[in-house]
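K.L.:
Next come the chains, spelled out residue by residue.
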Amino acid sequence: MQILPTLAFVVIIMTAMIILIFRDWRINAGALALQYLAAFILVDVSWPTGMAVIKLIVGWMATVTIGFTCMRQQKSTAVEESPASMFFRAVAGLLVILVMFILAPGVQSNIFPGLNLIIVQSGLMLLGMGLMQLGTTAEPYLTVFALLSLLSGFEIIHAGLERSSLLTGLLVLVNLGLALVGVYFIGTGVEKGTEQEEEEVL
Amino acid sequence: MTLNTPLLWVLFPLVIAAIVGALYQRKALSIILTVITAFGLALLAALFPENLTLSIGPLRLVFSENLAILGRQITVKYEILPFISLIYAMTGLWTLSSWFPNTPVAFRPISLVLTALLTAAAGVEPFLYAAVLIQIAILVSVPMLSQGGGATDRGILRYLTLQTLAMPLILLAGWLLTGVETLPADSPLVGQSTILLGLGFALWLGIFPFHSWIPMVAQRSRPNVVGFLVFLFPTTILVFSLNFFNRYTFLRNLPNLAETLQLFGVVMIVIGGLWTAFQTDLKRAFGFSVLTESGFSLAALGLISQGGLNWLMLLFPLRALGFWLWSFALTALENHAEELTFESVRGIARRFPILSAGLILAQFSIAGMPLLASFPIKLALLSATLNAGTAFGVWSFIGNLGLFLFTLRLLFSLLTPQDENTFEKWRLSEKSNEYLPVLIMILILVLLGLFPNNFMDGILNTLTAFTQLQ
Numbered sequence: 001m002q003i004l005p006t007l008a009f010v011v012i013i014m015t016a017m018i019i020l021i022f023r024d025w026r027i028n029a030g031a032l033a034l035q036y037l038a039a040f041i042l043v044d045v046s047w048p049t050g051m052a053v054i055k056l057i058v059g060w061m062a063t064v065t066i067g068f069t070c071m072r073q074q075k076s077t078a079v080e081e082s083p084a085s086m087f088f089r090a091v092a093g094l095l096v097i098l099v100m101f102i103l104a105p106g107v108q109s110n111i112f113p114g115l116n117l118i119i120v121q122s123g124l125m126l127l128g129m130g131l132m133q134l135g136t137t138a139e140p141y142l143t144v145f146a147l148l149s150l151l152s153g154f155e156i157i158h159a160g161l162e163r164s165s166l167l168t169g170l171l172v173l174v175n176l177g178l179a180l181v182g183v184y185f186i187g188t189g190v191e192k193g194t195e196q197e198e199e200e201v202l
Numbered sequence: 001m002t003l004n005t006p007l008l009w010v011l012f013p014l015v016i017a018a019i020v021g022a023l024y025q026r027k028a029l030s031i032i033l034t035v036i037t038a039f040g041l042a043l044l045a046a047l048f049p050e051n052l053t054l055s056i057g058p059l060r061l062v063f064s065e066n067l068a069i070l071g072r073q074i075t076v077k078y079e080i081l082p083f084i085s086l087i088y089a090m091t092g093l094w095t096l097s098s099w100f101p102n103t104p105v106a107f108r109p110i111s112l113v114l115t116a117l118l119t120a121a122a123g124v125e126p127f128l129y130a131a132v133l134i135q136i137a138i139l140v141s142v143p144m145l146s147q148g149g150g151a152t153d154r155g156i157l158r159y160l161t162l163q164t165l166a167m168p169l170i171l172l173a174g175w176l177l178t179g180v181e182t183l184p185a186d187s188p189l190v191g192q193s194t195i196l197l198g199l200g201f202a203l204w205l206g207i208f209p210f211h212s213w214i215p216m217v218a219q220r221s222r223p224n225v226v227g228f229l230v231f232l233f234p235t236t237i238l239v240f241s242l243n244f245f246n247r248y249t250f251l252r253n254l255p256n257l258a259e260t261l262q263l264f265g266v267v268m269i270v271i272g273g274l275w276t277a278f279q280t281d282l283k284r285a286f287g288f289s290v291l292t293e294s295g296f297s298l299a300a301l302g303l304i305s306q307g308g309l310n311w312l313m314l315l316f317p318l319r320a321l322g323f324w325l326w327s328f329a330l331t332a333l334e335n336h337a338e339e340l341t342f343e344s345v346r347g348i349a350r351r352f353p354i355l356s357a358g359l360i361l362a363q364f365s366i367a368g369m370p371l372l373a374s375f376p377i378k379l380a381l382l383s384a385t386l387n388a389g390t391a392f393g394v395w396s397f398i399g400n401l402g403l404f405l406f407t408l409r410l411l412f413s414l415l416t417p418q419d420e421n422t423f424e425k426w427r428l429s430e431k432s433n434e435y436l437p438v439l440i441m442i443l444i445l446v447l448l449g450l451f452p453n454n455f456m457d458g459i460l461n462t463l464t465a466f467t468q469l470q
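In order, the protein sequence lines correspond to chains A and B.
Taken in order, the first sequence gives residues 1 to 202; the numbers are from our numbering.
Taken in order, the second sequence gives residues 1 to 470; the numbers are from our numbering.
For the record, the hints were derived by calculation from the structure and aren't laboratory data.
Heads up, the beta-carbon is just placed ideally off N, CA and C, and yes, glycines get one too.
Take these hints with a grain of salt, some might be off.
[As the list claims (entries may be wrong)] Derived CB-CB ranges, DEER-like: (1) L189(B) - L4(A): 29 to 39 Å; (2) L189(B) - V91(A): 33 to 43 Å; (3) V91(A) - G179(B): 30 to 40 Å; (4) G307(B) - Q2(A): 50 to 60 Å; (5) E162(A) - L183(B): 14 to 24 Å; (6) N116(A) - L460(B): 44 to 54 Å.
Only chain A is shown next, with the shape it has when bound in the complex:
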């Protein structure tokens, strides 16, 4: 049964890289949906399928909600981006993957000895890539995608540590709430020209 989690791990790396590199919402929404499928497989290792499938359904609901909103906003499909910036993000993503591969065994043995290494690796990978994504974008839907990925990574690890119906329910609310906030952000757009103000802040 180790083959499915390994496959899920590979899917997680690929989808996280796609979300980091590309800026087209359709590609990213598809990648996020796939990522949730992989996360479900990994959560399924620790939880009964009936409970793990909640993560999948909620993740897909969040993805669809944001995807439909992007579609209604008629976001440009061909975002003008220089190959250099995509290359930069790809290299940054590869660095994160490398760092997480190095960190994961130590984290697993020192902090989460009861967890399968692949679970720890997948969780850390999503946490790391989510953080990198947050650092490279100020686009609302990408920020929310990054936060959803990051929470997904956390939930993969946390599922192996604790099983609680209330916590699962609350995390469902957090994920859906985040998607709704994303919808709200996409609807209002982001103010331009605030870079100056940001520089003034410490």
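Start from chain A and add chain B according to the hints.
P.N.:
Showing chain B alone in chain A's frame:
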């Protein structure tokens, strides 16, 4: 009929918030409903009998403290009621200020939802789940920060991002802490869980270097909404943090924890104070002064062995009232001035003397000016910090001077006429619904400064909920 306290202070306000949300187009009705609910619940919490039994004529209502949800419990204990009374009273006060034009219509229902969620967070068992409730509250708070449905400010995105990062850290730290209880003090897990916990709280409280969203949001959102946000979240999160100190002995005994908290407190006081001193934007200055206040809270936590918790609890209501007046005056002035910069408000005191006086006094009160509300606590805190370490004390004092300096600069700007060659007569341009609340609050701040022991002792009863911290 079986009733319970969470039903009263968590579910009931949520129902009212839904009704208020549905009535968003009827401004007066929604304000009245929100204010009555908030003040009613605050009053009830303040007067609730210890035996949890309400007798109204022949009717006798017996309350239990617990509400079971999905195998877990939300508990609103009698001991925590003074704190709940405070947050509901302040919710009522802030929603009262929502009659100002341009206040987001979502503010009223959301303020009730936030207070209800944070009340639940203060009493959920296991208490670690509070992190998720706080996260939900953060998500709910986002729409009220956008001004008039306008474009989303990057500060709000940053706020959402940094606050969301805190939840996983706290939950993971909580899981680690359950194992740490049985481990020796030199176990590496102790350090790891403490770092995770510290990072989580630093993100939540906007501690340096995670503070950048506070001035950004303060500058772009309505001051009354920001005032409510920066009072409610840090206050509840600090009370939530006491659970950790109460529950885990190793945290209380951790070497250097007190010094570390004091160090970060002083850093926040200095950063906030210095940045406030040199601001020209009034709203941004409000944001930076929040950093200073977070610093004082951390310093009080660091002085736990010298009675710091009492100062921390006493600071909550005094800070809340100061922030309320400050944000109220800023919101009112924002409706009369083009923007809230030194240049724009120049000479405005000659047309709006009471609002200007309210603004200045609120700032002085927060800064700890003698005869005003925060003075006794700030003095005690600064003295204790000085006793703990001369460098800490001196830097805290310097940082705290920042707000004084800013207030003096603002006072000069408010009094100097736009055109220095023409004489501008003093006149009262405020409406009664603008100057009356300001006058009442000024009176309260002065009374609290003159008689600090007579009004504030009730909030200290909250500490009885944390038996190990007595």
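K.L.:
With reference to the structure, classify each hint as holding or not holding.
P.N.:
Verification of the hints:
1. L189(B) - L4(A): 29 to 39 Å: For L4(A) against L189(B), whose Cβ atoms are near 31 Å apart, the range 29 to 39 Å holds.
2. L189(B) - V91(A): 33 to 43 Å: 35 Å, holds
3. V91(A) - G179(B): 30 to 40 Å: 38 Å, holds
4. G307(B) - Q2(A): 50 to 60 Å: At 57 Å between Cβs, range holds.
5. E162(A) - L183(B): 14 to 24 Å: 19 Å, holds
6. N116(A) - L460(B): 44 to 54 Å: 49 Å, holds
Hint check: no violations occur; every hint is consistent with the structure.
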